[in-house]
Structure formats: structure tokens, C-alpha cells
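For this one, chain A is given, so just place chains B, C and D on it according to the hints.
Residue numbers (UniProt numbering), protein chains in the order written: chain A, 1 to 426; chain B, 1 to 426; chain C, 1 to 426; chain D, 1 to 426.
If you are wondering where the hints come from, they were derived from the structure by calculation, not from laboratory data.
Be aware that one or more of the hints could be misleading.
Each pair may be met inside one copy or between any two copies, as identical chains are not told apart.
Calculated lysine-lysine pairs in the PhoX-like style (CA-CA distance at most 25 angstroms, straight line) [what the hints assert, rightly or not]:
#1 K105 x K136
#2 K140 x K420
#3 K136 x K246
#4 K370 x K111
#5 K136 x K14
#6 K33 x K14
#7 K357 x K140
#8 K246 x K272
#9 K370 x K411
#10 K137 x K149
#11 K246 x K370
#12 K393 x K105
#13 K202 x K272
#14 K16 x K2
#15 K149 x K357
#16 K420 x K105
#17 K137 x K420
#18 K172 x K370
Since this is a predicted model, take the numbers as computed values, not measurements.
Number of protein chains: 4
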Amino acid sequence: MKIDKNNISDHNRKYKDSFQKEFNFVSGKLEQKGINIEQIVQKVNDFQVAIPSWALGAGGTRFGRFSYGGEPSSLEQKLQDVGILHSLTRSAGSVSLHIPWDIPKDIKAIKEIAKSNEITFDAMNSNTFQDQKDAKKSYKFGSLNNSDKEIRDFAVEHNREVIKIGKELGSKSLTVWLADGASFPGQLNFQRALDNTQDSLKGIYDTLPADWKMFIEYKPYEPNFYSTTIQDWGTSFMLANACGEKAYTLVDLGHHLPNTNIEQIVATLMYKGKLGGFHFNDSKYGDDDVTVGSIKPYALFLIFNELVYGMENNPNNPELAWMIDASHNIKDPLEDLLQSIEAILVAYTQALLIDQKELREAQLRHDVVKCQEIVQDAYRTDVRSILQAARLKTDAPLNPLEAYRSFEVRKNLIQERGSKTVATGL
Amino acid sequence: MKIDKNNISDHNRKYKDSFQKEFNFVSGKLEQKGINIEQIVQKVNDFQVAIPSWALGAGGTRFGRFSYGGEPSSLEQKLQDVGILHSLTRSAGSVSLHIPWDIPKDIKAIKEIAKSNEITFDAMNSNTFQDQKDAKKSYKFGSLNNSDKEIRDFAVEHNREVIKIGKELGSKSLTVWLADGASFPGQLNFQRALDNTQDSLKGIYDTLPADWKMFIEYKPYEPNFYSTTIQDWGTSFMLANACGEKAYTLVDLGHHLPNTNIEQIVATLMYKGKLGGFHFNDSKYGDDDVTVGSIKPYALFLIFNELVYGMENNPNNPELAWMIDASHNIKDPLEDLLQSIEAILVAYTQALLIDQKELREAQLRHDVVKCQEIVQDAYRTDVRSILQAARLKTDAPLNPLEAYRSFEVRKNLIQERGSKTVATGL
Amino acid sequence: MKIDKNNISDHNRKYKDSFQKEFNFVSGKLEQKGINIEQIVQKVNDFQVAIPSWALGAGGTRFGRFSYGGEPSSLEQKLQDVGILHSLTRSAGSVSLHIPWDIPKDIKAIKEIAKSNEITFDAMNSNTFQDQKDAKKSYKFGSLNNSDKEIRDFAVEHNREVIKIGKELGSKSLTVWLADGASFPGQLNFQRALDNTQDSLKGIYDTLPADWKMFIEYKPYEPNFYSTTIQDWGTSFMLANACGEKAYTLVDLGHHLPNTNIEQIVATLMYKGKLGGFHFNDSKYGDDDVTVGSIKPYALFLIFNELVYGMENNPNNPELAWMIDASHNIKDPLEDLLQSIEAILVAYTQALLIDQKELREAQLRHDVVKCQEIVQDAYRTDVRSILQAARLKTDAPLNPLEAYRSFEVRKNLIQERGSKTVATGL
Amino acid sequence: MKIDKNNISDHNRKYKDSFQKEFNFVSGKLEQKGINIEQIVQKVNDFQVAIPSWALGAGGTRFGRFSYGGEPSSLEQKLQDVGILHSLTRSAGSVSLHIPWDIPKDIKAIKEIAKSNEITFDAMNSNTFQDQKDAKKSYKFGSLNNSDKEIRDFAVEHNREVIKIGKELGSKSLTVWLADGASFPGQLNFQRALDNTQDSLKGIYDTLPADWKMFIEYKPYEPNFYSTTIQDWGTSFMLANACGEKAYTLVDLGHHLPNTNIEQIVATLMYKGKLGGFHFNDSKYGDDDVTVGSIKPYALFLIFNELVYGMENNPNNPELAWMIDASHNIKDPLEDLLQSIEAILVAYTQALLIDQKELREAQLRHDVVKCQEIVQDAYRTDVRSILQAARLKTDAPLNPLEAYRSFEVRKNLIQERGSKTVATGL
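Only chain A is shown next, with the shape it has when bound in the complex (with noise of 0.2 angstroms):
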């Protein structure tokens, strides 16, 4: 199914003149603070994350997997749903697949579904920590830090293998996450283990094209770990510079320590001109996935003063590739990623009110109690219809979620699709 754009026009009637007086009183006093308002709709307008494939149908758990009825079965209805969020928030127009859930059989025929639905083909995502049916060679023991050099190179050239499908899908980027570690001490060396994966990654990055970039993903812990290779930024930094100018450090907001100051990551990766990419989520006590801003809404704020000071003041830093990585068991996966979307969106126009000279000024005479009354005022300012502004422009919907629901979008999946359907992926 697609969104019918009269209903769009029709909800936005129906809701347009509540938003008209709340717009205009809030851009209303920031403008008195010298802010300009329409910039920052623009920016809003501008800021696309895109959508993990794996996202779409209901996340997975130990104990076994909830499914949610007119889950998408194919990478064509992942498309489509894909399709239906950025309808709904026109900030949602790529798609980050997953090799070998999401191997497109005619890509000829996808793009052109893509299109359709103005979606573009973000960052590729391998997986080496999943046997594959039948697969020659198993990731039991690691895949690219495998001390078998078979396996090793059994990883490496999946991954050359995703990076050739996302050529031809468009893509322009690799990410490649791993869950190779140790659950037992002794079991690994680390220093081979760390080698390995170092002459692994460049053997992939040997085959990158020129236009394209690398993104290592770190992660401290998987559940029944010891150790992971690659546990922290500081590690992933280390191999993309031995690898070289395009490999960059992912950082997923998920993938830390418990009080982990994550933004001040996020600064130092930008000052050395190599975060690629961040991974959206959240979590109250591991590496929950849960739905972005749902635990930790400040963090994610502080986290995006950093990534708009980084975008505004490290041109040697890339553009970065943003992405959800959340999935959930108990919600509906597309208001789920309606929420996420929402929140994401919420903290970056938060971090773009903070007036960067007046803080920066506070900072230099050491006026503590200014900065944070500057960094909260910011925070503490209802944005939301600076976000309904931006929909406005782009003819999306005031209220996504209203939307989403009054539409009835999931029934009509459940009429098209089943009720027993479940995604590939996770």
C-alpha cells in the first residue's frame, strides 16, 4: 500500500490551525532571541535517517519473537514500508539493508521500487556473525578474527560481495559490525585476534570504490561475552586509520559501558575528522534497542549539540549516515519507527536552538551556571511545531503517528499481506 495524499491533505486541514497558533507563538519568541526560524525548518527538512530493513518486522528476544501481523516478507514490501514512513515524515527517505537477509533477486526492478517511493540505498550492512544455512564455513569461533584463515577470509569476501550488491543498488557505504570476541578468558588472544581482524578489514577495504566508505562498528559486549574485538571507539579508530582515509568509526548509541559520556565521543571522533556514521537507539540497562529517546531523551540531546558543533566546525569531518537500529517486540515496528523518528528530530532541533556564541562565551569566563541555563533553555523549548512546520512544507502529515493510525496503515498491511507473515532479519 501507499499513503493517499488526500488523506495527508485532509489531516492537515483538520489540524493545521492548532498548529498555526502554537508555530507562531514559539517561532515567535525565538525569533525575538535573534534565532532564525526558517533555517532551521530548513535543516529539519534536510535531516534523512535511514531505515535498517531488519527494523520493519517485530524484534526478537531469547524467549522467542512476538509477530506482528502484515510483517513485510520481501525486500519489495520492506520498500514499501520504508515508503510509508518517509510519506508520513518525509525524513525517512533511505534504507539500510542487511546482506544476506535483504540480497535483492532483480535489481533493476527494486531500484525502480525505490524510486517510486523516493527512498535511496543508505549504508550496506554484512553479517559475519550468523551462520548462514548450509554455509562452508561457520562464525562459531569469529569470523574476520578467526584464527582459521579460511574463515577468515570466508568473511571477507561476504563482504566484498555486499559491497558489489550496493554498488549497483547505489549505495555508497559499508558497515560492517561484528560479533566476534570471547565468551571465556583464555579462549582468544587478544593481540592475534586484533591482528586478524585488522588484516581482514583491509582486505575488504582493499576492494572499496573510490566513492565509497568503510564504517567499524564497535560494541563492548554481546550477551555470554568476555570480550569483543572490537569493544570500544577508541579500537575502531585505531583499525580505521590503519586501514585508511575511508575507513571512519561508527558510533551506535547502544553499543557502550554503562555512564558512558558518549557525547564527548562523539566531539573527539569529529576533531580527528572520523565519525561516519551514528546508530540511533536506546537502552536503560545494556544494549536494549529500545525506541530512540524512549529512556535518555537529554543524552540524545547533548549528543546532537556535539554532532551540530562537529557539522559546523570540522569540514575535514564526512557527512554522516544516520541510522535507527532499534527494533521492538511489543509496539507496531512503523510506530515504533514513527516515535524514533519523532525523537531523533526533537533533540536535533533542540541542539540547533543553543546559541553557539553566547555559550561559548559563558564558557570562556567560566560561567558554569550560564552554560547549563543556555543548554537547558534550549532543551526545555516545545520544538514540536517547529518539526509539524517542517512536515507542513513537505506535505507530510502534522501528526505522523494520528496519521498512521487514522489511515489505518496496519490493517491494510494485514489485508494485503496476512496476519502470519514474519520478516526476514533478526
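Frame of chain A; chains B, C and D shown alone:
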């Protein structure tokens, strides 16, 4: 010094128009949702948080202390400072004293100063975590948990003394916080230490006046510790039950292990009618005691959601004792407290905006997405003008921090007291 | 298959000399300190830890499961596996079943197989954290805590069914572990969820036979969770008290927030006579369920120190139910369990070596250095030959793991059962 | 005072027989496994760990400090104390000074005292985390990272001064530890702070003598902090690379977030040839600075496993600077250090027992169970008699702590120095 009421009037005249415009907009929007805004303004007015006497000077660190000019060097001056805060907010109408730091020499005089500042005496705090000069017994190896009965008795006696002073001042509660514990495995017999602590607490409880309450704080660790005898709410709750009806658990935000779900602890204790008080602060890593709401404002809001719910639904739970328990060495202490008060009221007001009936219904139909929407809708609302409305009603300045600076309060205090004063306390 | 006793005899003949030499040396040294080594050997012999039926297959991860050849595919085969472990250690004389994974079809036959393997039936485990195929009700939004009374009743009924099966088998206790909780703030009303859980537990407790015990587990989080209804020992303890005398708290090593002092929780619960059971495993980051003692053996020893103390000094506390609750997907499950059993017995034996009288005296004179020396002296002692002495007394092999490998147990199991079997369970 | 060699002889005569019996047994057993026990004894003899001058007095807490009688009140007395430790262990042959706490008045005299105690001067430590009395500049808002160039220069100059003093004493390295950071979001511009720190470090590095090394410490937080400028090894490593070949990362055990895999950091840095030094201590919750090995001895052993591996396999990494960085206020500081030294040597010796070749082979065939067995076999070995053998060779007492007590060292120090002395430093 005292805040000149004329200054406040001038201040409010200056900001009234912009305030009114914002309040009209916000209250109009909320009233459309069926929210009784007058009732909320009244609740904000009624909310009073105690200021701890020791927070009025700059906090120390293990590397020393950067003192702030004009610090209060006597109990009289501390009351004066609380009076200033109260004049600027009308939300800080009580003080929480620490004995022996704040032993009043002339009870009657102190009470009059308090009265003239419209300050009452909230919970009294004993101190058995420091040896006083020339003390006959040392708490080096514990106080209420000490294996030496004479030291336990000495500590119990001190608490009784604190109650006695509190009675004369008109306080109605005693807060017991302990740094009792062990630094090394083996140092302490956990069961005996717990048993001793229970005996000691009962010894204190026995002399508690009929209309008093005793609050038992818990804390998982102090720097250099391997264990604390009252490590968590479960232990505190157990001890409170052992003591009797007037004993309650006190929750301090900063006294938890990483990732603890504190709002759930609050809910559990109110369910049992055993939450006695709440200490506000914030932290990034440990018990950091930084300005309330400066690190995790959403968690504070979620806690207030439980507090508001409990205040409505748990008649068995007594009225709560609120206190700010934070102090910092790189901010003007009074400015720091103004920021903390603001953050508390923001979170409280946002929590009051939650439509509990609508939330209940969404919970019953397991509409998880809607539950989150309801909660976040309240949180994303900019409630600052509601706080201003409350202040305007009580002749407090619309913008306390700005008023504090424009009235040059610190400058006046330095002129009165000198720039080298040091507050008693931590 | 069963372990051939002749093989064990051969094995012991081979290693007896070197064992005897070591045991003579160690026991001589300990006896000089006044330790009754025979008594300790006897205690090691008496110590029996239950094997959970689900640990006999390879554990799953969210990315899949690497199955191990020869996994038991029926309850009969699981009992056989426990029998093997017991033959090799004489410390694994019971099994803990999980319903519905292990519903016996023929009770009498199962009991006979158990008897022939000298296995008894330890605590029964219910499962309301997974929906069974074609179940009439879903636990997607909770079981005992569910706001829907029909679902709660369904879950209570399941527990009663488990008790019924357990009675027939000769078990004497029920372990209730819940994955009930919320993934998002607002999703759940904490107080109502707690109240519902209490009601449900009482409903189960009401049908508990007079000579049974009910164990209530707690856990702060599951992946993807924002809260669990029984988040900590305090909540479990409160619920156990609400149920009655036969209800107890069960501590699982892995179910704690970072840095929790678990040994102190053990001490507190035994002080109150409310520690019912203990689940062994280990972890580096979260609830990792890796081999016991593989990450934090000293913490395990300190816990045993409290357990040993409590078993001596808390007659009000019942005998504890011990169970290994770990399983891993990159080790042969039986080898994994042999390593866990060894680690448990090492820690237990070391704890038995602590001279409690001497420790008490050092504690009383606050000789912190000496306290640490006493505790670490026990811990640094190589007690493996004491375990061997205990095994030799009961005709178990001196080196169980080596025996397991040299007897080619896995090879035999694969021959009997095939290499593609998959154990029921997680 | 100095330790009387006759006392040591008497002590050793008393314990020699029981030592010899144990050593014969242990070395016999190990030699059967092909371990060259003489080589290991020699390595233990060669291992020297520096004593920080400030650990010789009782450590402070934020609530005060319980001083210990006979504390050294001058640099001369501190050297004497290190001399005592060295006489009792022959493993503490160097001291690490902190400037300005330990500025020598008479260099020549100090060097002679050091020589007569067989003590050398290890890494010098600068202090820009505290304002000295009447200092011209304040570090209240940072030192090397300060936005004020004059303060940065002041801090750089201090470090140069420390190098100068170190040169005269014969030290060969400088350790830079900073408490630079922010207490509140917004207070600091992360990128500028990092840039300033890098500039300052280069400024110090520029004056480093050709045969010196500079060690850059990292730490995620101090109490009251929201961020530290050098928060992790990645940042330190990045800065060391920016400075040059003589700059290295220094790892302090206590300076990590909860659950960090420190042994992997050690391995990574040695792989890159950039691990300069190691500070020993232990902790349960935060940066607790308690006695080495008193909380997590297995983690210490795993770290030593990586250190031993690196010392054998990373010729590009320099010899490491070892230091104990712990101090406690409820133990006699010298007894505390004796316990720390013992724990370090125990872990080191156990790590030396690992058969690296066998481990490598098990790793290559992915025999995870065997890998764990090899590592734990070494760890479970009681190596204390090996330490004794090393001490006996160098005429140190077999049981240093017992010797310390029976020689009544503390009593003598109090007689010499008085019971009210307070050591300079923390």
C-alpha cells in the same frame, strides 16, 4: 541581607508581558485537553523543598575546596541565605539542619530569625560519619553498626541529642544517614553489623516523640568502600519495619548502583506506605551530587510521575519530606540551588500534566505506543510559564536566577560577610 | 550410555599416587592449623548441586544456536546426562525440571530412570515467560503481573500444574522466575503490577503442599526491558513475606546490577531466615550465564563464605536449594557443567577453610589487615586435592573432565543419539 | 629506623623448614609439568614495583582523615619507609615522587638516603589538580585543558619544573594525571578542551630529555564530574601519538567504567608498543583505591597474563613502569603496601605458570574448555612458596607482614616520629 520587595516588583513589571503571553498560550492549550491549570498552579505553589544547611557553602572535593565569597559562617547567616532563596522562589520555605555543624546557641533567637524569613525546620540530620574534634569515641570503624557497644551507644546518644534540639526548633523528623560499612572483604561480619544497626536504630526510635518520623537512608557505597551496612532500599525498608510505624525509608537519588530503576523503588515504597522522604540531586557516574536535573531530567520526571501517583493513591503513605541534597564547588551555591529548585518544579509540573485516566486506559489495552505518547507529551511540554504563574501569585520574581544576578545578591553578601568566609559543614 | 565403573577405577589407579602426594601435603599443612580435614572432605561429599534440564543442550543466543552433537532430545536422555555428570563427580545427584519443556509422559518410568542414575528431583521450574504453541493466552504483556485477570489466572494455573507434576516426581519445591515487566516508561503501572504479582503468587502459594517451599526469583532486567516487576531481592523478600512461611527468596548470581554486593544480600536473607535457594553462573557484563567461576571466582568464594556462615549460624534458615543456572553455546554442555561443578566445590572448600573464630577475633579488634589475611589465606590455598579426596571416597574419578574425555562420552552420545539432535528448552 | 638484618635471619630460621617443605612440593609438581621453576623465581626477584610517596600516610576521605601514628612528615622519612618495605620484600626498590608534595630541599642528601636504602627514583608525578597555597593561578576550571592560555602555560611550566627535579634525582619519566574536565553539560567545549590539552602536552613533551618517557594517564570521572578531558585509553593513546615516540599511555586499574575489560586494553596498547606504565590498586564500585588484589584478584591475574605475554612478544613496547597507586585510611599504610606487593607478585607468578604454547594450541583448535582449564590451573596453584623462595634468595623475610609485626616497626616509627604526624600529600 534580605531581598527588597520593590526589586521584585520592578523585575516582574519588566517581564510580565512576555510571561503573560506565554502563559496564556500554554494554559490555553492545556485547558483544551481538559487540564485544570489553576489547580496545577496551586500545587506548584504548595510544593516546598527543604534546603540543607550545608549546601549553602561551596562543596568540597578530596583535592580541596574552592571557597566562594560571602559564604555563611553561622547558622544565622545560613537561615538568611535560605530566606533569600525562599524570597526568590517561594518554594524553599524550610531548612534541614545538620548537627553538630548547626547547633543553635540561642534557640529562641534562631527561631525568630527563621520566622522572619518564613522558614520552618524540616528534618534534622545527625552525623555519625565524622569524628568531631576531641570526641570521646571514634567512628573510624563504624557508628550504629560498630561491634563495640560503647561506640554504638555514643552514636545513639548523639541522635537523641539531635532529636532534642529538633524538638526545641519545631522540627518533626530525624534523618539517619550512615557511612557505616567495610572497605575490605572479611573486615565486617555482615549479619552482626546489620543486627547491631537494627538495635541502634531501635534505640533511637524509642526516644522519638510521638508526632515525629524517623527516616532511614540507604546507599550502596562510599568512595573506598567494599560494602555499606544499609546498602539498598530493601535493607532500609526491613529496618524501618523492625523499628515501627514512625520509621520510613528515605530515597536519595544519588544513592544507587548504575542503571537502577529508582522510580520503581519509589512506587514500591509508596505502595507499602513506607516512603518517608526524598533527597534530590543528580549524577553521571556515581554519587556525584550535581545540580538537580542537570544530567538526567527525564528520570527525574519519571520519578515525579510515581510520586504524584502515590500522593494521589496511597493515603497510607505520609506526606513526603523533600530536600535538595547537592552542592557544588564551581558554582555560586545559591545559584546552584535556584537551578535545582527550578528543575524540581519543572519535573513536578510535567508529571502533573499526565492524564492518569487516559494512561490507565492505554495500559489496560496494552497500547504501549500510546502509553509512551502520553508520558512524553507531558514531558515535552514547556511548563516554565506555569512555574512563573505560581511565582507571580506569591510575589516571587518571574525569573529567580536573573533576579538574583540583577539584585547583586552575592556582591551584597560578600560586602556583608567578607570574601574569605567558609561555611561549616562538608 | 552410563559411565563404566571399571573405567573410573582405571582412571583413579593412574592418578592415585600423584593425588595422594598432594593431598598428604595439603592436608598435613591444614591440620597443623587445626583444621579437621576429614570433616571438610565429608562436607564436600555431602554437597549436591542440581542440574537444570535445559543446560544439557547448547545455549541459544539471539543470533541462533550452534547445536552440539548428541544432545538429549527427551527427558529420559536428560536424566541420563545428569547421571553421567553424577557418576563423574558424585556432586550432581539431582535434576531441576522445567515445565513445559520436560513434562514426563510416563511418571513411573521417569522415576525409575532417575533412581537408576541415583538422581532426585530438585525444585520444579514453571515457565510463564514464553508462549507455548497454540496457547490460549499470551504472556506478551506479562503473566503473573498482567492487568488481565484471565491471563494471570492462566499463569497461576500453569504453576499449579507444575506443582502437581512435581509432587508425583517427589520434588519438594517450586521456583518462580518471571520475565514480567515493561519495555517503556509509562507502559506499566508499577503499583498495580506489583499488586497483581502478589495476588498471583498467593494464588500459587495457596495450593503449595505443606512440605513444599516456593522460591521467588528476582532480576533487574532482561534485554529490551525498562523494568521488571520483581527487580531486586527487596521486592522478592517483600513478596515472600506476603505469601507466608514456605515462601523464600532465591538468589541467582547473574541477576544483579553492576557492582552489586551479592554476598551481603545472601547474609541479609539468611539473617532473616528467608534465603531459599541459589543459582550459580558467572558473568562479565550482564546476565551472561557463563561457566561458574570463570570470571569472578573471588566473588563466588566470598558468597560461599556467607553461605557457610549462615548454614552454621542461622538455624531459622532452611537448607538451601543449589542449582547451576548457566549454559553456553561454544562448549560441550557436559564439559561446561563439569567445570561449573568444580568451581563451586573449589569455592565452597576454600570458604570452609576460613577459621571463623580467628576471623571473629580480628574483626572485634578491628584488625582489618588480619581479617583480609585470614580470608585470602583460605582463598589462596590450592584445595583441588581435597575435592579429589572426596571423589575418591565415592568412587568418582579423580579428574572428572579428563575422565569424560578419555572415556569418549560425547562420542558415545553422538553414536547413540546422532549428531543433529536438539535439546528442548531455551 | 631500618630493618635489622639479624631480625630477618632469625625470622627466616624460624620459618625455613615449613617453607622448604612447601616449596619442594610445589616446585616438584610444577617441574613435572616442564616448568623451569628457577627461572620463575628469578623473574619474581627481578620484578620491582614503585611505591608512591603519598601512599605512606593514611589516605583521606571527603569526611576527613584518620591519621596513623608515625607517619612520615618529610621526604627523608618517606624514603626511609620505602626502605623498610624494600628490606621486607626486596620488591619495592623505587619510589615515585609527587611534586609539590615532595620537593627535595637538598638533592644530594636525598639521593644519598635513597642510595643507602637501595631505592631508585621511578616516574615523577606532577600535580595540576590542586591549587597550592598562594598559587598565582587557579586550576579550578582546568589546567592543561583550560581555555585561559596563561593557566595552561602555568601548568606546563609546573610539569617542566617536575622534570627538572626528576633529572637531578635520576628519574627517567614523568607521569601526567589530570583532573581536568567538566561538572555540567555545556560547561566545556569538548573539542577545544582536547585541543588545548594536546597543545599543553606537546609543550611539556618538548622539554622532555632524550632518555625520558612521558606517561599520559586517563580516567573516566572524578566524584562530582560530568566528563574528564582524557576519559579513556583511546584519548590517551591519541594524545601520546600526537606527542611523539617518547609518549605512552599509562593504565591505572581503578580508572575505568564498570565492567571494562582492562586486560584487553593492556593487550591492545602493547600490540601498538604504547603501554608505558601500570598503576595497581583495586576497587568494588568506583575508583576505590583499595589494596591490590583485595576485591578482584582474578582480573589482576588476567591482566598479568597479558602483561607477561606482551613482555615476551612485543619488543616494540618499552619496559613498563609499575607503581602501586592505592592508599587506605583504616589500615597501617605500610601493612597495606605489603599486602599489595604480595598480591601483585602472586598474580604475576600465577601468570608466569601459564603454558603459553599449550594455550596457543588449544586456542587454535578452538578447545574453549581446555583454554579455560589451562588458565585456571595456573590461577588455582598456590604460589606463595615461590614468592618465599625469591625472598629467601635476597635475604628478605619469608613472611613480610609477620616480620613487620614481630619487628614492631610501627611502634618504632611512632617512637621516632610521634603519634600525631601527618604525611604531606592527599
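First find the shortest C-alpha distance between K33 and K14 inside one copy, then the shortest across copies, and answer within, between, both or neither for a cut-off of 25 angstroms.
For K33 and K14, only the inter-copy Cα distance (16 angstroms) is at most 25 angstroms; the intra-copy one is 31 angstroms.
Check K136 against K246 for me: Cα-Cα at most 25 angstroms, and say if that holds within a copy, between copies, both or neither.
Classified as neither; 31 angstroms inside a copy, 47 angstroms across copies.
Alpha-carbon proximity between K246 and K272, which holds within one copy, between copies, both or neither at 25 angstroms
both (13 angstroms within a copy, 22 angstroms between copies)
Quick one: K140 to K420, C-alpha cut-off 25 angstroms, is that within a copy, between copies, both, or neither?
between (31 angstroms within a copy, 16 angstroms between copies)
Give the relationship of K420 and K105 under a CA distance limit of 25 angstroms: within one copy only, between copies only, both, or neither.
within (23 angstroms within a copy, 32 angstroms between copies)
Evaluate K370 and K111 at a C-alpha cut-off of 25 angstroms and name the case that applies: within, between, both or neither.
neither (51 angstroms within a copy, 35 angstroms between copies)
Pop the pair K357 and K140 into one bin, within, between, both or neither, using alpha-carbon distances up to 25 angstroms.
between (52 angstroms within a copy, 23 angstroms between copies)
When no copy is specified for K149 and K357, does a C-alpha distance of 25 angstroms or less occur within a copy, between copies, both, or neither?
between (54 angstroms within a copy, 20 angstroms between copies)
First find the shortest C-alpha distance between K370 and K411 inside one copy, then the shortest across copies, and answer within, between, both or neither for a cut-off of 25 angstroms.
Cα proximity of K370 and K411: across copies only (17 angstroms, versus 51 angstroms in one copy).
Measure nothing new, just compare the shortest in-copy and cross-copy C-alpha distances for K136 and K14 to 25 angstroms and report within, between, both or neither.
neither (58 angstroms within a copy, 42 angstroms between copies)
Up to 25 angstroms CA-CA - K2 versus K16, copy category:
within (23 angstroms within a copy, 50 angstroms between copies)
Checking K137 and K420: alpha-carbon separation at most 25 angstroms within a copy, between copies, both or neither?
between (32 angstroms within a copy, 17 angstroms between copies)
When held up to the earlier numbered hints, the structure conflicts with 3, 4, 5, 11, 12, 18 and fits the remainder.
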